[in-house]
Amino acid sequence: MFHWLEKNPFFFAVGVFVTIAFAGLIEIVPNFAEASRPVIGTTPYSTLELAGRNVYIKNSCNACHSQLIRPFKSETDRYGHYSLSGEYAFDRPFLWGSKRTGPDLHRVGNYRTTDWHENHMKDPAAVVPGSIMPKYTWMYTNLADIDTAFAEQLTVNQFFAVPYNKPVPMKDGSTTVVKMGGSVAEANALALAEAKEIVKDMKDQDVKDAVASGKIPEIVALIAYMNSLK
Amino acid sequence: MNKLYLWGIIVTIAMLGATYLSVGMSKGGINGDIVNMLAIAGAVALVIITVFVVIKYVRQMQTDTAEGELADESWDNIGEYKNPLPFGWAIMFLGTMIWGMWYMLVGYPVNAYSQIGEYNEDVAAHNAKFNTQYASITGDRLIEMGESVFLAECKVCHGLSADGIDGKAANLNVRLEANTVKHVIENGSNNQLLGSEMPMPDRNGLFNMNSGALITDAEIAAVSAYVADGMDASNKAGAEAFAGVCASCHGPDGMGMEYVAPSIAAFNPTLVTNVLNHGKKGVIGTMPAFERLNAKQKEAVGAYITSLSAK
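Here the protein sequences line up with chains W and G, keeping their order. According to the numbering used here, the stretch in the first sequence is residues 4 to 233, in order. According to the numbering used here, the stretch in the second sequence is residues 48 to 358, in order.
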């Protein structure tokens, strides 16, 4: 058999490939499958949060802010528990980033609040002296794209079985359900209801008026996304 | 003489000369100290051994012919002798197998590097150091620690001088501001400032014991100013309202009562620690809890904030 293989380089190469691929298969795949499963307490993004995530991507926040806390004492002191791979299970794509001009944001929802973000996005230097972050004033007038977020929800729900409208286990043993609308109108209504909760803690009268009249400025979606990062 | 030996002598002389020059011209010279002498002795030995070994094997390659019994197998007409493995190789081969077994069964499983393991060791070492160096500090050193924690964690909202950056967060240089007092009276409060649930009723549950009626708008305005001004007795209406409505829980001097109501006259470390543990929701907005600070750090922040408004 080996004589035959030695005389047939092509099948020899196939044999080498199969042998090495098998090793990779049994070493990498099970570990990867285990690590990429969502950790308990990781929930899918709601419609508004997903719209906020798109605002985050659109404005290239990830160029300056990472979302990956490394296991070093200095980092966990500042940002909280180090990141686990399963926490990115619903991130498509993940926004780890590779450069920190600003601080890491992976758990920003734990230590910043709606009103802080509202002040900060309007004029970062007024809140953090010396900050070089630019002002994002247009987010207070531009409207968030809820339809696209809903389309994304539908897609990941259908093709990747992201558990919308299903109980998701939480850290304290309870379960929670992240709702996804059945139609565009329903999704918009859900997002608006969530936006109304957010603006309760906001002060900008124009944003409050916009939400009261059924429009959702980008800043509200972005804050919903920021608050969901825990 | 064989050309090979001639080359050997030339290379030896050149290398020894280079060694002599480089050591001799360096600081201290050849006889400068024991390290230089040892180094040159080592270099001489190395040069001689190297040249000797190279000559030996080059000669062997020039003159040796292979002999022995050929193996049956022929790989594309390349034959192989059945000579036994050189002894040194056999020892190394066996040694590699033994090491391999040790590494697979003991070496790797026991000593494998783990990033999280290193992190856990780091944290444990840090905590141990913290406990020996800082666990029992008091007074000014505690306030100093509080300031450093404040500058790392709190200044982002409360500002460098703890003034709350124009109303974006609470001004910690005073215990309470009038709009906060007013908001709490009108809406009640449930911030666990005592460390446990002890909600304060809203205005529909606050009676003036002197008049027996619910607190009025005028009284709210007066008592808000009174509390915010540090309980200045010249504000008669405020003092009266305070005595009638607030004093029964917060004490006549506003210093609070254990298990009943927090101090509204001055900060104290326990109060601040409770805010850090539970967060806070008020007229300005929501403050998140800061549970990742350790108990001593929370106490220190409390001491620092208390020191800001201490008279």
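Each hint should be verified, as a subset may be incorrect.
Result set (SDA-like, lysine to any residue): computed pairs, CA atoms no more than 20 Å apart in a straight line [as the list claims (entries may be wrong)]:
1. Lys328/G with Asp204/W
2. Lys50/G with Ser121/G
3. Lys206/W with Val203/G
4. Lys138/W with Val203/G
5. Lys327/G with Arg110/W
6. Lys215/G with Ala38/W
7. Lys328/G with Gly112/W
8. Lys199/W with Lys328/G
9. Lys206/W with Pro172/W
10. Lys76/W with Val101/G
11. Lys10/W with Lys215/G
What the hints contain is simulated information worked out from the structure, not anything from laboratory work.
Okay, the hints, checked on the actual structure:
no. : hint                   : in the structure
1   : Lys328/G with Asp204/W : 10 Å, holds
2   : Lys50/G with Ser121/G  : 38 Å, violated
3   : Lys206/W with Val203/G : 19 Å, holds
4   : Lys138/W with Val203/G : 17 Å, holds
5   : Lys327/G with Arg110/W : 19 Å, holds
6   : Lys215/G with Ala38/W  : 41 Å, violated
7   : Lys328/G with Gly112/W : 16 Å, holds
8   : Lys199/W with Lys328/G : 18 Å, holds
9   : Lys206/W with Pro172/W : 34 Å, violated
10  : Lys76/W with Val101/G  : 54 Å, violated
11  : Lys10/W with Lys215/G  : 79 Å, violated
Checked against the numbered hints given earlier, the structure breaks hints 2, 6, 9, 10 and 11 and satisfies all the rest.
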